[in-house]
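Number of protein chains: 2
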Amino acid sequence: MPVIYEKVALIGLGLIASSMFWAMKRGGLAGHVSGFARSADTRDTAREIGLCDEVCDSIAKTVKDADLVVLCVPVGVMGSVAAEMAGYLKPGCTVTDVGSVKADVIAQVGPLLPEGVHFIPAHPLAGTEHSGPRSGFAELFDNRWCLLVPVPDTNANAISRLRNLWDGMGANVEEMDAEHHDLVLAVTSHAPHLIAYTMVGVADDLRRVTDSEVIKYSAAGFRDFTRIAASDPTMWRDVFLTNKDATLEILGRFTEELFALQRAIRMGDGDHLHDYFTRTRAIRRGIIEAGQDTDAPNFGRQPGNK
Amino acid sequence: MPVIYEKVALIGLGLIASSMFWAMKRGGLAGHVSGFARSADTRDTAREIGLCDEVCDSIAKTVKDADLVVLCVPVGVMGSVAAEMAGYLKPGCTVTDVGSVKADVIAQVGPLLPEGVHFIPAHPLAGTEHSGPRSGFAELFDNRWCLLVPVPDTNANAISRLRNLWDGMGANVEEMDAEHHDLVLAVTSHAPHLIAYTMVGVADDLRRVTDSEVIKYSAAGFRDFTRIAASDPTMWRDVFLTNKDATLEILGRFTEELFALQRAIRMGDGDHLHDYFTRTRAIRRGIIEAGQDTDAPNFGRQPGNK
Chain D
1 MPVIYEKVAL
11 IGLGLIASSM
21 FWAMKRGGLA
31 GHVSGFARSA
41 DTRDTAREIG
51 LCDEVCDSIA
61 KTVKDADLVV
71 LCVPVGVMGS
81 VAAEMAGYLK
91 PGCTVTDVGS
101 VKADVIAQVG
111 PLLPEGVHFI
121 PAHPLAGTEH
131 SGPRSGFAEL
141 FDNRWCLLVP
151 VPDTNANAIS
161 RLRNLWDGMG
171 ANVEEMDAEH
181 HDLVLAVTSH
191 APHLIAYTMV
201 GVADDLRRVT
211 DSEVIKYSAA
221 GFRDFTRIAA
231 SDPTMWRDVF
241 LTNKDATLEI
251 LGRFTEELFA
261 LQRAIRMGDG
271 DHLHDYFTRT
281 RAIRRGIIEA
291 GQDTDAPNFG
301 RQPGNK
Chain F
1 MPVIYEKVAL
11 IGLGLIASSM
21 FWAMKRGGLA
31 GHVSGFARSA
41 DTRDTAREIG
51 LCDEVCDSIA
61 KTVKDADLVV
71 LCVPVGVMGS
81 VAAEMAGYLK
91 PGCTVTDVGS
101 VKADVIAQVG
111 PLLPEGVHFI
121 PAHPLAGTEH
131 SGPRSGFAEL
141 FDNRWCLLVP
151 VPDTNANAIS
161 RLRNLWDGMG
171 ANVEEMDAEH
181 HDLVLAVTSH
191 APHLIAYTMV
201 GVADDLRRVT
211 DSEVIKYSAA
221 GFRDFTRIAA
231 SDPTMWRDVF
241 LTNKDATLEI
251 LGRFTEELFA
261 LQRAIRMGDG
271 DHLHDYFTRT
281 RAIRRGIIEA
291 GQDTDAPNFG
301 RQPGNK
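Protein sequence lines correspond, in order, to chains D and F.
Per UniProt numbering, residue 1 is the first one in the first sequence, and the count goes up by one each step.
Per UniProt numbering, residue 1 is the first one in the second sequence, and the count goes up by one each step.
Read the hints as simulated data drawn from the structure, not as lab findings.
Wrong hints could be hidden among the right ones.
As the list claims (entries may be wrong) - Lysine to any residue pairs mimicking SDA-like chemistry, simulated, CA-CA at most 25 angstroms apart:
| hint | chain 1 | residue 1 | chain 2 | residue 2 |
| --- | --- | --- | --- | --- |
| 1 | D | K244 | F | K64 |
| 2 | F | K64 | F | I49 |
| 3 | D | K90 | D | F137 |
| 4 | D | K244 | F | I49 |
| 5 | F | K244 | D | D271 |
| 6 | D | K25 | D | F137 |
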């Protein structure tokens, strides 16, 4: 595949940025990739493992001459990072991001960018429970979705070029408007994460009572929640604070349903429970047919050795 | 390994029974295994795939001369099955079960068994989202826990023999009393399952609004919930109805915590959220160190092909 951007700058060097670097290298998609992280430790690690062609000590140097700048920082600091770099951007470059919330990022970052810079917010729906510069891998985006959320009147060639980059990194690309994105993600990601965090927190409280039994017997279902609840705390704090309305709306619906099921348990209404559980089974089938998960039992996890 | 029981009878031929059969064959633990399922379709499938040395058309014939009878049916019908078989049990045999709830099963089944039969309730903490006679595999119990819940004054030799069987099938065996079992499982399994069912139900409602986007973009976190919510509806209906008090208690605590986190989101209390999410991260580490889950990103799922 031909080089799509001569120079790419990655701001923030966590799971997504490091996976983008390896995926761009795999596909030969970028001529030169520079990287910056706020923490000196992270920059040292990046240099040690060969993450980025050049790791810079300042944002100004990182974005200099870049054709594409990718903001890979928590949603809560997108605005301050954009303010810091705005004066150093190459005219005509594209600025994008990988944040999990879009309306808030557009409101924060958009007004700070100079005339002539193409701002194309994006969100790759891919991740793992690990974080930091060592957690990335080239295959992370393979067959995952990347949603582009361009603001009105964005240059079509600039969009098409960014689309080609994500396509080259293995993703399926779609466009969506910001409000709709934030609602869909509240359902598929933000509310489930908060619920998993909550259940794990409850179990953690009880763990002190039951002397590690919660950990020992976690394979009965609970351990799946703990994977999600091991995700990066800063990233997720910012997601909930910046997608507040949609998340709270979905959590409100969730609580209503939970109360209805609790009532069915209390009243012994087995038919209600059975009907509900039969309906939810179908959605799993849809996800497997859509190629978004494996049908292997327990996700194909390997059993441990005795 | 030497044969532990000359004849084993499996009542019900779903995921657990079929996995027990293959695990017993792998270890050479049983001389002869007979099996029974209420549905003629299930019996036909079992015969077709060689599940059990003999598939019988009646419970009476299945349990005849058996040294061990294993009830592998939903918790809600344990009592009626026990009543049906009680008159045909071999004197001195052991009756066990694999139900996810123990106090209720003991109350249902215990009084129905004749004098001289050893009743040793059990619960292997292992499963997948699949069900039925084709879903079993020999490795299901490897390095998983099996909890034995013997009632007071149970014959020590009978316990030791059943323990050896589970050990031979790959499990780690522990003993626990019924009330404690039901509370621990409410935390590690029953409440998480109800929560997953609820979230998937909410998303299913919204799916109609958003035209399959929930399925399409499920990899953002939601798909993990759908695996749990694809579990057998009859089994889970019975679990909630028979472990009502402990499940409702844990769900009550869950709702309290969820409301506290929702309030933190609404008030913009980022510190509360960050502290909570940092704490839950630690429990994942404990589970991995205990050998109860893999540290591979996303459970080591294979990425799909584009």
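How the hints compare with the structure:
1. K244/D to K64/F: violated, 63 angstroms
2. K64/F to I49/F: holds, 23 angstroms
3. K90/D to F137/D: Roughly 29 angstroms separates the two Cα atoms, so the pair is violated.
4. K244/D to I49/F: violated, 53 angstroms
5. K244/F to D271/D: Judged against 25 angstroms, a Cα distance of about 15 angstroms means the pair holds.
6. K25/D to F137/D: Within the cut-off at roughly 11 angstroms; holds.
Going through the hint list in order, the structure does not satisfy hints 1, 3, 4.
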